[in-house]
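Peer 1: This is what each chain is made of:
Number of protein chains: 2
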Amino acid sequence: MHFDVNEIIGFGAAVLTTIAFLPQVYKTWKTKDVSSLSLPMLLLFFIGIVLWLIYGFLLHSPSMIFANSITVISSLLLLYFKIKYSKN
Amino acid sequence: MHFDVNEIIGFGAAVLTTIAFLPQVYKTWKTKDVSSLSLPMLLLFFIGIVLWLIYGFLLHSPSMIFANSITVISSLLLLYFKIKYSKN
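Read top to bottom, the protein sequences are chains A and B.
Its first residue numbered 2, the first sequence is counted upward by one per residue in the numbering used here.
Its first residue numbered 2, the second sequence is counted upward by one per residue in the numbering used here.
Since the hints were made in silico from the structure, they are not lab data.
Honestly, I wouldn't trust all of these hints.
It does not matter which identical chain is used: a pair holds within one copy or between any two.
To be verified - Calculated cross-link-like contacts (lysine-lysine; reagent style DSS-like; alpha-carbon spacing at most 30 Å):
(1) K28 to K85
(2) K33 to K85
(3) K31 to K83
(4) K83 to K28
(5) K85 to K31
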């Protein structure tokens, strides 16, 4: 298996920005506190990540596909929590 | 000037995920409330965005360079606010 420098840097970027969201998802799930989360921010971010994922496929970038596949789930969960817990 | 479909999708992704952070920066600057922001999350995210910016230059991706140049500033501001306002 061959690794090039570009993909090592891209993979490092992917891992860091992907795992960064996990504490936020856990915290929101645990506390059910969504007051400080902005709904327009979550919507814009989710749609943006869907586009980054498509762009990753178009560029054949393994790092972008990996990172954005996970972040699309994290951001969808945050959006779901925001809508669900805001109703109460 | 020539546009291809890849760069239109990438640019849309870049614009959405970049502007998504601006309300968070504004809110944090205005309220000085950083209690719900996680320092490890902000650190991981900032370092990750620096790597995405380098990766964007290596792939010669205008959308990645544009988006991550702005997000590196947004995330650095949030990190600065977190450290500054946590001391009080």
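Peer 1: With reference to the structure, classify each hint as holding or not holding.
Peer 2: Evaluation of the provided hints:
{"no.": "1", "hint": "K28 to K85", "result": "both (15 Å within a copy, 22 Å between copies)"}
{"no.": "2", "hint": "K33 to K85", "result": "both (9 Å within a copy, 27 Å between copies)"}
{"no.": "3", "hint": "K31 to K83", "result": "both (13 Å within a copy, 22 Å between copies)"}
{"no.": "4", "hint": "K83 to K28", "result": "both (13 Å within a copy, 17 Å between copies)"}
{"no.": "5", "hint": "K85 to K31", "result": "both (14 Å within a copy, 27 Å between copies)"}
Hint compliance for this structure: no hint is broken.
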